[in-house]
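Produce the entire structure from the sequences given, and follow the hints as far as they go.
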Amino acid sequence: MSQSHLTEFGIFLLRIALGIMFLAHSLFLKLFIFTLPGTAQFFVSIGLPGSFAYMIFAVEAIAGALLVLGVQARWVASATVPILAGATWAHSGNGWMFGYENGGWEYPAYLTLLAVVQGLLGDGRFALSPSFAPGNVQMEGETT
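Each residue of the sequence shown is one higher than the last, beginning at 1 in our numbering.
These are calculated hints, taken from the structure and not from any lab test.
There may be inaccurate statements among the hints.
[What the hints assert, rightly or not] Pair ranges (Cβ atoms, derived):
{"id": "1", "residue 1": "Pro37", "residue 2": "Ala65", "range": "19 to 27 angstroms"}
{"id": "2", "residue 1": "Gly99", "residue 2": "Ser4", "range": "35 to 43 angstroms"}
{"id": "3", "residue 1": "Met1", "residue 2": "Phe98", "range": "33 to 41 angstroms"}
{"id": "4", "residue 1": "Ala58", "residue 2": "Trp89", "range": "18 to 26 angstroms"}
C-beta: ideal position from N, C-alpha, C; glycine also.
Below you can see the structure in the form of C-alpha coordinates.
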(Lines of atoms letter the chains of each structure in order from A and count residues from 1; the text may use other names and numbers.)
(Lines give C-alpha, C1' and ligand atoms only; values in the text may rest on other atoms or scores of the structure.)
Protein backbone atom coordinates (compact mmCIF):
# COMPACT_ATOMS: atom_id res chain seq x y z
CA MET A 1 0.00 0.00 0.00
CA SER A 2 1.37 3.44 -0.88
CA GLN A 3 1.83 6.26 1.63
CA SER A 4 -0.95 8.17 -0.11
CA HIS A 5 -3.39 5.28 0.46
CA LEU A 6 -2.30 4.96 4.10
CA THR A 7 -2.77 8.69 4.64
CA GLU A 8 -6.24 8.64 3.10
CA PHE A 9 -7.17 5.64 5.25
CA GLY A 10 -5.84 7.41 8.38
CA ILE A 11 -7.96 10.47 7.59
CA PHE A 12 -10.96 8.16 7.13
CA LEU A 13 -10.35 6.62 10.58
CA LEU A 14 -10.15 10.07 12.16
CA ARG A 15 -13.42 11.04 10.45
CA ILE A 16 -15.20 7.89 11.68
CA ALA A 17 -13.90 8.29 15.25
CA LEU A 18 -14.92 11.96 15.39
CA GLY A 19 -18.34 11.16 13.94
CA ILE A 20 -18.98 8.32 16.40
CA MET A 21 -17.90 10.57 19.27
CA PHE A 22 -20.44 13.23 18.21
CA LEU A 23 -23.20 10.64 17.86
CA ALA A 24 -22.41 9.12 21.26
CA HIS A 25 -22.11 12.50 22.95
CA SER A 26 -25.39 13.77 21.54
CA LEU A 27 -27.59 10.67 21.55
CA PHE A 28 -26.34 8.76 24.57
CA LEU A 29 -25.07 11.50 26.87
CA LYS A 30 -27.39 14.43 26.13
CA LEU A 31 -30.54 12.56 25.11
CA PHE A 32 -30.55 9.39 27.22
CA ILE A 33 -28.36 10.06 30.26
CA PHE A 34 -28.81 13.76 31.05
CA THR A 35 -31.98 14.17 28.94
CA LEU A 36 -32.51 17.26 26.84
CA PRO A 37 -34.30 19.17 29.64
CA GLY A 38 -31.45 18.26 31.99
CA THR A 39 -28.89 19.42 29.45
CA ALA A 40 -30.85 22.67 29.02
CA GLN A 41 -30.78 23.12 32.80
CA PHE A 42 -26.99 22.68 32.78
CA PHE A 43 -26.67 25.32 30.05
CA VAL A 44 -28.71 27.74 32.15
CA SER A 45 -26.52 26.99 35.19
CA ILE A 46 -23.43 28.18 33.30
CA GLY A 47 -25.13 31.31 31.99
CA LEU A 48 -26.24 30.16 28.55
CA PRO A 49 -29.81 30.06 27.22
CA GLY A 50 -31.42 26.66 27.76
CA SER A 51 -32.50 26.61 24.12
CA PHE A 52 -28.83 26.31 23.13
CA ALA A 53 -28.89 22.75 24.50
CA TYR A 54 -31.41 21.66 21.87
CA MET A 55 -29.51 23.40 19.09
CA ILE A 56 -26.17 21.88 20.19
CA PHE A 57 -27.78 18.44 20.46
CA ALA A 58 -29.10 18.69 16.89
CA VAL A 59 -25.82 19.97 15.46
CA GLU A 60 -23.81 17.24 17.21
CA ALA A 61 -26.16 14.46 16.04
CA ILE A 62 -26.30 15.70 12.45
CA ALA A 63 -22.55 16.40 12.30
CA GLY A 64 -21.82 12.94 13.69
CA ALA A 65 -23.94 11.25 11.04
CA LEU A 66 -22.47 13.35 8.23
CA LEU A 67 -18.91 12.65 9.38
CA VAL A 68 -19.51 8.89 9.55
CA LEU A 69 -21.03 8.95 6.08
CA GLY A 70 -18.36 11.24 4.68
CA VAL A 71 -20.64 14.03 3.55
CA GLN A 72 -18.64 17.25 3.18
CA ALA A 73 -16.54 16.17 6.18
CA ARG A 74 -14.03 19.03 5.84
CA TRP A 75 -16.77 21.62 6.30
CA VAL A 76 -18.82 19.65 8.83
CA ALA A 77 -15.77 19.20 11.07
CA SER A 78 -14.87 22.87 10.70
CA ALA A 79 -18.42 23.88 11.64
CA THR A 80 -18.17 21.93 14.90
CA VAL A 81 -15.04 23.79 16.08
CA PRO A 82 -16.99 26.65 17.74
CA ILE A 83 -19.20 24.13 19.57
CA LEU A 84 -16.19 22.19 20.80
CA ALA A 85 -14.42 25.41 21.80
CA GLY A 86 -17.58 26.30 23.73
CA ALA A 87 -17.48 22.92 25.46
CA THR A 88 -13.86 23.61 26.38
CA TRP A 89 -14.95 26.93 27.88
CA ALA A 90 -17.88 25.28 29.72
CA HIS A 91 -15.51 22.81 31.38
CA SER A 92 -12.61 25.23 31.95
CA GLY A 93 -13.57 25.97 35.54
CA ASN A 94 -13.41 22.28 36.46
CA GLY A 95 -9.65 21.88 36.09
CA TRP A 96 -7.61 20.21 33.41
CA MET A 97 -8.40 16.48 33.76
CA PHE A 98 -11.70 15.33 32.30
CA GLY A 99 -11.89 12.77 35.10
CA TYR A 100 -12.38 15.57 37.63
CA GLU A 101 -15.86 16.27 38.97
CA ASN A 102 -18.00 17.76 36.17
CA GLY A 103 -15.21 17.07 33.66
CA GLY A 104 -12.17 19.21 32.99
CA TRP A 105 -11.20 20.90 29.77
CA GLU A 106 -8.59 18.46 28.40
CA TYR A 107 -11.00 16.24 26.43
CA PRO A 108 -13.04 19.04 24.83
CA ALA A 109 -9.79 20.84 23.92
CA TYR A 110 -8.47 17.64 22.34
CA LEU A 111 -11.69 17.17 20.37
CA THR A 112 -11.47 20.78 19.20
CA LEU A 113 -7.99 20.06 17.86
CA LEU A 114 -9.20 16.86 16.16
CA ALA A 115 -12.01 18.77 14.42
CA VAL A 116 -9.52 21.40 13.22
CA VAL A 117 -7.24 18.65 11.89
CA GLN A 118 -10.15 16.91 10.14
CA GLY A 119 -11.09 20.22 8.56
CA LEU A 120 -7.53 20.71 7.32
CA LEU A 121 -7.08 17.16 6.03
CA GLY A 122 -10.46 16.67 4.37
CA ASP A 123 -12.53 13.54 3.96
CA GLY A 124 -10.23 10.58 3.58
CA ARG A 125 -11.35 7.38 1.86
CA PHE A 126 -14.90 6.14 1.40
CA ALA A 127 -16.60 9.57 1.52
CA LEU A 128 -20.09 9.65 0.03
CA SER A 129 -19.86 13.33 -0.84
CA PRO A 130 -16.25 14.54 -0.80
CA SER A 131 -15.57 18.12 0.20
CA PHE A 132 -14.09 20.49 -2.32
CA ALA A 133 -10.64 21.64 -1.29
CA PRO A 134 -10.34 25.40 -0.70
CA GLY A 135 -7.38 25.76 -3.07
CA ASN A 136 -9.14 23.91 -5.88
CA VAL A 137 -11.97 26.38 -6.40
CA GLN A 138 -11.76 28.27 -9.67
CA MET A 139 -13.50 31.63 -9.80
CA GLU A 140 -15.65 32.51 -12.80
CA GLY A 141 -13.53 33.92 -15.59
CA GLU A 142 -10.28 32.73 -13.95
CA THR A 143 -7.87 30.72 -16.07
CA THR A 144 -5.39 28.14 -14.86
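Evaluation of the provided hints:
1. Between Pro37 and Ala65 the Cβ separation comes to about 23 angstroms, which falls inside the hinted range of 19 to 27 angstroms.
2. In this structure, Gly99 and Ser4 meet the distance hint of 35 to 43 angstroms, their C-beta atoms being roughly 38 angstroms apart.
3. Evaluation of the 33 to 41 angstroms hint for Met1 and Phe98 yields a pass: the beta carbon distance comes to about 35 angstroms.
4. Between Ala58 and Trp89 the C-beta distance comes to about 20 angstroms, which sits within the given range of 18 to 26 angstroms.
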